[in-house]
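Sequences listed follow chains A and B, in order.
Just so it is clear: in the first sequence, position 331 is 331 by this note's numbering, and no numbers are missing.
Just so it is clear: in the second sequence, position 61 is 61 by this note's numbering, and no numbers are missing.
A few of these clues could be false.
Copies of one chain are not kept apart here, so a pair can be met inside one copy or by any two copies together.
Straight line, CA to CA, 20 Å or less: simulated EDC-like cross-link-like pairs of lysine to aspartate or glutamate [claimed, not checked]:
1. 237 - 225
2. 339 - 323
3. 355 - 125
4. 143 - 169
5. 180 - 191
6. 72 - 56
7. 355 - 289
8. 5 - 56
9. 338 - 290
10. 315 - 331
Hints were generated in silico from the structure; no laboratory data involved.
Residue strings, one per chain:
2 protein chains.
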Amino acid sequence: MAANKDNFCVIMGGGVGSRFWPFSRKTLPKQFLDFFGTGRSLLQQTYDRFKKVIPEENILIVTNDLYADLVKEQLPELASEQILLEPTRRNTAPCIAWASYHIRALNPNANIVVAPSDHLILKEDEFLTAIRKGLEFVAQSEKLLTLGIKPNRPETGYGYIQIDEPVGDNFYKVKTFTEKPELELAKVFVESGEFYWNSGLFMWNVNTIIKAGEQLLPEVAAKFEPGVGIYGTPEEKRYIDEHFPACPNVSIDFGIMEKADNVYVSLGDFGWSDLGTWSSLYDLSDKDEDGNVILKCQSLLYNCRNNIVTLPNNKLAVIDGLEGYLVAESDNVLLICKKDEEHSIRRYVNDTQIKLGEDYI
Amino acid sequence: MAANKDNFCVIMGGGVGSRFWPFSRKTLPKQFLDFFGTGRSLLQQTYDRFKKVIPEENILIVTNDLYADLVKEQLPELASEQILLEPTRRNTAPCIAWASYHIRALNPNANIVVAPSDHLILKEDEFLTAIRKGLEFVAQSEKLLTLGIKPNRPETGYGYIQIDEPVGDNFYKVKTFTEKPELELAKVFVESGEFYWNSGLFMWNVNTIIKAGEQLLPEVAAKFEPGVGIYGTPEEKRYIDEHFPACPNVSIDFGIMEKADNVYVSLGDFGWSDLGTWSSLYDLSDKDEDGNVILKCQSLLYNCRNNIVTLPNNKLAVIDGLEGYLVAESDNVLLICKKDEEHSIRRYVNDTQIKLGEDYI
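Build the full structure now, drawing on both the sequences and the hints.
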């Protein structure tokens with residue numbers, strides 16, 4: 001099946017997370033890492049996945065100036081016009097706004113799938129089918145579509161989408177969005193069958209999203225509207241460098257999805273994880289008979305249970321008598337902490353930066 | 001005070017210990033390491049110490065062929081004749097026998113101090129005074145002298161020397177040697193005031209030790225006697241390479257000291273440690289207010305007590321929630337185990353060698 005030339009993909013790859021420090025670093029954020037030693041980073045896996053349903057030349061990466069070289073290195077097949085470089089970080093709404101104006105200049109009928117660069121998808125066929133159907137859905141009407149994931153546990157780290165009545169084969173109107181609930185509420189959500197995880201993956205026609213932005217986020221749209229005529233030309237980067245930093249920092253969820261009245265969701269179970277925490281990585285990974293996860297390195301474990309250990313390739317971890325710990329080393333930092341203390345990682349990173357400086361961040 | 005030209009020093013630096021693995025490696029044993037980040041390895045510290053009382057040209061290092069380059073690199077001031085290279089490891093008796101025949105060829109009146117290369121001495125002045133007095137003592141009579149250390153705890157990892165009647169200012173005849181006692185016995189030893197730790201450091205006149213060897217270890221002496229006339233000549237190394245490997249593997253303690261009837265001990269408290277275990281290193285090192293010892297690396301510790309942590313220079317250890325652990329990393333190996341499980345290190349090393357090979361040893 002030939003890919004529809006009207007279909008575009010925007011991969012958002014500008015994030016700097018600290019939750020996987022020291023495995024991820026400011027100079028090498030999570031999307032550029034190969035967590036499972038498969039030979040492809042999360043960004044590369046995302047690209048590989050989408051090029052099966054989107055024409056390769058229609059796949060764009062939006063990232064930060066800082067990561068331009070990393071993106072080119074990891075995806076050398078990209079033409080330079082396929083990499084949109086933000087001069088500063090302004091969250092997802094400005095990122096998506098720019099990409100939308102840029103794409104409309106290339107193809108005023110474009111249907112777009114917007115995706116994070118650092119998520120894991122284990123069931124690729126189901127996922128790609130949902131993308132194909134979703135793009136057809138948004139091509140036919142002025143709808144904003146998000147992908148909802150059937151929850152398998154009362155996860156408190158995710159946002160939830162409550163569905164309303166169905167509007168077609170596996171498409172539902174969205175009733176509400178709820179950010180990270182408390183555990184008790186999350187349990188009620190999961191049991192109700194009405195709530196799905198918000199994957200942060202969206203589809204829409206380019207005109208639908210630009211119109212929604214004009215109505216719901218005029219202060220963002222106002223930064224991009226004056227550039228019409230410049231997008232897709234050699235002057236675009238200069239325009240963006242000048243106007244992008246003035247955008248407010250706002251997410252697409254808060255700025256548009258939670259406010260628009262034409263928001264729909266397509267449901268599925270794609271073996272999806274946002275790989276947001278070491279625990280989520282632990283849950284997804286193969287374990288030895290004692291519940292230990294070893295990523296990338298060699299290991300000899302004695303009296304060890306339920307740990308997650310990752311050292312640089314081929315390094316050897318000899319560990320005796322640890323239970324429930326994270327042991328992660330990368331470059332010049334070794335982190336050892338309880339696996340369920342991982343919310344403290346931000347504190348470790350802050351303390352490190354204050355006491356020891358940028359070299360360890 | 002000019003150093004006595006009859007005084008010689010033999011530093012034994014051929015050992016391959018695994019007790020500090022992975023900090024020490026087969027290619028870089030303990031004596032070549034700078035445990036405390038002082039800028040000088042234990043071997044270098046030993047050399048620096050003895051050159052204050054022994055003419056520099058009379059200091060010899062006996063080591064293994066394997067470590068010739070390391071010794072030359074760490075002690076570039078040594079002439080090549082000062083490095084005796086064993087073709088194979090045969091414990092301390094053959095090592096000392098060779099050094100003795102070699103030195104007698106250079107100076108038939110030599111008084112010799114024989115010392116390990118990998119011990120720590122914190123009270124250098126007291127130590128050097130004991131060496132000076134000891135060398136005078138053995139110069140005047142046919143006595144074998146060992147240095148005894150006043151014990152400060154019932155250590156079960158050391159050998160003990162029981163003293164008999166005094167024979168001069170701080171010199172005692174030795175009654176018995178006892179290898180590593182059980183804890184209860186060690187406690188009795190320490191309380192008795194009659195037992196001292198065996199430092200493994202000896203002094204004697206060259207003729208006294210050669211005569212003792214002829215009488216008590218004739219199977220060793222027989223390998224060296226035929227070489228008389230060759231020691232100190234360019235032919236010596238060839239002779240040793242041929243005959244040394246045929247020596248039995250026997251320690252000077254077992255082969256001579258425990259059997260001779262002219263063995264004496266000089267007592268002292270030199271801030272001595274054989275640095276035989278991580279625990280001994282822990283005991284000797286500066287601790288933070290929570291009892292943690294950090295060697296060489298940077299650290300941020302949370303909820304940590306009584307650990308010993310060493311990573312390569314300037315590497316950062318961020319550790320939350322460990323108590324009583326050893327965390328040691330060197331090159332391609334990270335070891336994490338309970339500090340009091342360090343007797344298991346030999347097992348870790350063996351398992352590593354079997355399962356992963358020489359690269360990690």
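Problem - Violated constraints from the hint list, given by number and in increasing order - result: Hint 3 is the one this structure does not satisfy, whereas the remaining hints hold.
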